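S.K.: Residues per chain are reported as follows:
There are 2 protein chains.
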Amino acid sequence: MSAPLRLAVAGLGTVGAGVARLLADNREVLTRRCGRPLELVAVSAHDRTRDRGVPLDGIAWYDDAVGMAREAPADVVVELIGGPNGPAKAVCEAAIAAGRHVVTANKALLAHHGNDLAEAAEAAGLSLNYEAAVAGGIPIVKALREGLAGNGISRVYGILNGTCNYILTTMRETGRPFADVLAEAQELGYAEADPSTDVDGVDAAHKLALLSSLAFGCRVDFAHVYTQGIRHVSPLDIEFAEELGYRIKLLGSARITEHGLEQRVHPCMVRRDTAIAKVEGVTNAVVARGNFVGDTVYEGSGAGAGPTASAVVADLVDVARDRRAPTFAVPAPELAALPPAPMERHQGDYYIRLSVLDQPGVIADIAAAFRDERVSIEAMLQRARSETEAVPVVLTTHRVEEAALQRAVARIDRLDTVVEETRMIRIEAL
Amino acid sequence: MSAPLRLAVAGLGTVGAGVARLLADNREVLTRRCGRPLELVAVSAHDRTRDRGVPLDGIAWYDDAVGMAREAPADVVVELIGGPNGPAKAVCEAAIAAGRHVVTANKALLAHHGNDLAEAAEAAGLSLNYEAAVAGGIPIVKALREGLAGNGISRVYGILNGTCNYILTTMRETGRPFADVLAEAQELGYAEADPSTDVDGVDAAHKLALLSSLAFGCRVDFAHVYTQGIRHVSPLDIEFAEELGYRIKLLGSARITEHGLEQRVHPCMVRRDTAIAKVEGVTNAVVARGNFVGDTVYEGSGAGAGPTASAVVADLVDVARDRRAPTFAVPAPELAALPPAPMERHQGDYYIRLSVLDQPGVIADIAAAFRDERVSIEAMLQRARSETEAVPVVLTTHRVEEAALQRAVARIDRLDTVVEETRMIRIEAL
Numbered sequence: 032m033s034a035p036l037r038l039a040v041a042g043l044g045t046v047g048a049g050v051a052r053l054l055a056d057n058r059e060v061l062t063r064r065c066g067r068p069l070e071l072v073a074v075s076a077h078d079r080t081r082d083r084g085v086p087l088d089g090i091a092w093y094d095d096a097v098g099m100a101r102e103a104p105a106d107v108v109v110e111l112i113g114g115p116n117g118p119a120k121a122v123c124e125a126a127i128a129a130g131r132h133v134v135t136a137n138k139a140l141l142a143h144h145g146n147d148l149a150e151a152a153e154a155a156g157l158s159l160n161y162e163a164a165v166a167g168g169i170p171i172v173k174a175l176r177e178g179l180a181g182n183g184i185s186r187v188y189g190i191l192n193g194t195c196n197y198i199l200t201t202m203r204e205t206g207r208p209f210a211d212v213l214a215e216a217q218e219l220g221y222a223e224a225d226p227s228t229d230v231d232g233v234d235a236a237h238k239l240a241l242l243s244s245l246a247f248g249c250r251v252d253f254a255h256v257y258t259q260g261i262r263h264v265s266p267l268d269i270e271f272a273e274e275l276g277y278r279i280k281l282l283g284s285a286r287i288t289e290h291g292l293e294q295r296v297h298p299c300m301v302r303r304d305t306a307i308a309k310v311e312g313v314t315n316a317v318v319a320r321g322n323f324v325g326d327t328v329y330e331g332s333g334a335g336a337g338p339t340a341s342a343v344v345a346d347l348v349d350v351a352r353d354r355r356a357p358t359f360a361v362p363a364p365e366l367a368a369l370p371p372a373p374m375e376r377h378q379g380d381y382y383i384r385l386s387v388l389d390q391p392g393v394i395a396d397i398a399a400a401f402r403d404e405r406v407s408i409e410a411m412l413q414r415a416r417s418e419t420e421a422v423p424v425v426l427t428t429h430r431v432e433e434a435a436l437q438r439a440v441a442r443i444d445r446l447d448t449v450v451e452e453t454r455m456i457r458i459e460a461l
Numbered sequence: 032m033s034a035p036l037r038l039a040v041a042g043l044g045t046v047g048a049g050v051a052r053l054l055a056d057n058r059e060v061l062t063r064r065c066g067r068p069l070e071l072v073a074v075s076a077h078d079r080t081r082d083r084g085v086p087l088d089g090i091a092w093y094d095d096a097v098g099m100a101r102e103a104p105a106d107v108v109v110e111l112i113g114g115p116n117g118p119a120k121a122v123c124e125a126a127i128a129a130g131r132h133v134v135t136a137n138k139a140l141l142a143h144h145g146n147d148l149a150e151a152a153e154a155a156g157l158s159l160n161y162e163a164a165v166a167g168g169i170p171i172v173k174a175l176r177e178g179l180a181g182n183g184i185s186r187v188y189g190i191l192n193g194t195c196n197y198i199l200t201t202m203r204e205t206g207r208p209f210a211d212v213l214a215e216a217q218e219l220g221y222a223e224a225d226p227s228t229d230v231d232g233v234d235a236a237h238k239l240a241l242l243s244s245l246a247f248g249c250r251v252d253f254a255h256v257y258t259q260g261i262r263h264v265s266p267l268d269i270e271f272a273e274e275l276g277y278r279i280k281l282l283g284s285a286r287i288t289e290h291g292l293e294q295r296v297h298p299c300m301v302r303r304d305t306a307i308a309k310v311e312g313v314t315n316a317v318v319a320r321g322n323f324v325g326d327t328v329y330e331g332s333g334a335g336a337g338p339t340a341s342a343v344v345a346d347l348v349d350v351a352r353d354r355r356a357p358t359f360a361v362p363a364p365e366l367a368a369l370p371p372a373p374m375e376r377h378q379g380d381y382y383i384r385l386s387v388l389d390q391p392g393v394i395a396d397i398a399a400a401f402r403d404e405r406v407s408i409e410a411m412l413q414r415a416r417s418e419t420e421a422v423p424v425v426l427t428t429h430r431v432e433e434a435a436l437q438r439a440v441a442r443i444d445r446l447d448t449v450v451e452e453t454r455m456i457r458i459e460a461l
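In the order they appear, the protein sequences are chains A and Y.
One point on numbering: in this note's numbering, the residue at position 85 of the first sequence is 116, and numbering is uninterrupted.
One point on numbering: in this note's numbering, the residue at position 250 of the second sequence is 281, and numbering is uninterrupted.
Note that these hints are calculated values from the structure, not bench results.
Please note that the accuracy of each hint is not assured.
Pairs involving identical chains hold if they fit within one copy or between any two copies, as the list cannot separate such chains.
What the hints assert, rightly or not - 25 Å max Cα-Cα, derived SDA-like pairs, lysine to any residue:
no., residue 1, residue 2
1, K309, T427
2, K309, G379
3, K309, E451
4, K309, P373
In this text, all values refer to a predicted model and were calculated from it rather than measured experimentally.
The shape of chain A in the complex, shown without the other chains:
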């Protein structure tokens, strides 16, 4: 039996307490799998008195997480504070400077500073592990970094935010509007008091930036992730999607195109018979497409104390067993700086919902706008007729470039007969 792997945990919120509980509950099996004990030697949190449901006797307490990272007699510092900057960043930097491995669940930090942290850790011969940062308990970082290492990856996409998927699933099942379902999700603890990081797609964008780097061997480039959330998705769109054979999902999708690295997070219509369409509620799912393996799908809980702790501890087992991998699958100095593919160059099919006054000539005006931009209409649905109120008209297009589509929509929105802003949702070929 080798010496214990000594752990210092910064942050004892839900996830930190979950990690401490897992280490206690699964001590025996962990020791067998690690070949040595995982020993919690130091923790840092603001409130020493709160009952976290797990005994912390005999463990050194630090008020200052950065001081702990610098001074505690630990082999690994586990950063569970969160946030893209501030103490979380300082803790990781201090740990690396002190020659300690880092395990973190912090997607925001790595999305913003992953390149620098990876270089620092690798230069010092240390591991920087972050399985918990992407899709919670699903071991997708390991799958991309090691399990699919034989493949050239052409695409990675998935449902990366459980809050959004829960809201979209509930909207579809109940027909209720976004605001209503969000409020319920907040009551149930599926959404935060300030939901913007989730519902505006930022959290999914953080995760996607990490997946891209892992999949394509390129530098993390969060700044160029096109990001759009789900606030504007309406029950009407969900109904039309059903009618057209689709489900609406907030997807993160990355691939290499002729224009460069395309990274997008936005609501999509996906065919109802695809694996991703069937992923409901708070579940996360990721699909990775390899040139030899084809599509592989990974599904599980994307958040919560248990799944996140599971991923954090898997990272610790790797450290205990001395299993190393470059942070983003290839050594940080060799990561390619890929040009970002401009969203205007994106090509795909589109769903367009217009709100029009049902007057003679309105469809002709709309059709003319599309014709002039060479946007080819695949189908048109007009469900209601009214001489006094606006009615919804839905169009789907054949493959077209985003810029042309946007120009056509802008022109349509200037028509007098179009009374609300036109809604567009991209139809995703998977």
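With chain A held as given, fit chain Y onto it using these hints.
M.R.: Structure of chain Y alone, referenced to chain A:
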């Protein structure tokens, strides 16, 4: 750049050629991920003249695979011959004796000799990697061994044989009988000329024995996998399953029960809304249940040159990066010898299809047999009525022990009014 990792490949069939092609096609990305080249230095196959679609110039040819494993100047021997004994086993043993790592896709070999081979490899400080042996390109071995290492695993199950899943899917979609669909699958190359290893559940049982060992830290115990294939599944059963809200799948399932390690491969009825029910065609899927992560699902191609080569090369990347793990997640000498749970002690719900003469009293006789064995009926369906021909009667039971159910069925089969052998399919709670 470190020295190349030198590879000797035994067996150049579909998979072996696929590995050679992957090494050539993805050379650049592999070198970046490995930190050094993967270099094919020796191969062994019977036919030197066959065009395998990949250049093999300058690579040493051996007629004798065992001799190659012993003598070729290789760091790793890749065993792709197949079969539970004979040359495949001799190649692995010779490689380990000569101090070479082993990568294999051979589930039959490991199901029969995994314990001994793991002990030998680990004693010599060598890796024995076999990602390709279970669920093809899906990195499930790595997920269980490393990605979910933080968890106590309570259950692992899945669709482990693409041939059977293809046949069952096609039977459901077309209403055609087993023999008919099997013949078609053979023509399409989805089933072998001798299909028994697949359709009798043996291949799935091999894989399940490896999953059990990985999940529960126990010795591989293929001899105690209860195994039943899909030959007896009829279109009528598939129809009734649909009517009752189920799909019929050949599942492998392992868990720890109060009676010991339960390992079963047999056709199951699974609720139509479960993830596993939606896995169609030749796709494989595995679900692992951890005490912290909950259920995680892994899905992808279970066979074929590309997916299998992907898994083989992932194992090679691990060797190249010097990432080691005990063969079955804990060191071989520490693997527990768990008592096998007898199938008679299995508890669950059952689907029973009887073929009866529709005479007064027949249902009463059947009900009495169940009552006497304390089998509680959940539902009964009698779809047809006929005074001259046998009609099907379908029953589902509440939770009952297998032994009692079997006794009741045996008694029912002795009734004069029961004209064909009664069919039983276990209903699986997932």
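S.K.: Does each hint fit the structure? Answer for all of them.
M.R.: Each hint, compared with the structure:
no., hint, verdict
1, K309 to T427, "within (22 Å within a copy, 28 Å between copies)"
2, K309 to G379, "within (22 Å within a copy, 27 Å between copies)"
3, K309 to E451, "neither (32 Å within a copy, 40 Å between copies)"
4, K309 to P373, "neither (30 Å within a copy, 36 Å between copies)"
Of the numbered hints stated above, those contradicted by the structure are hints 3 and 4, listed in ascending order.
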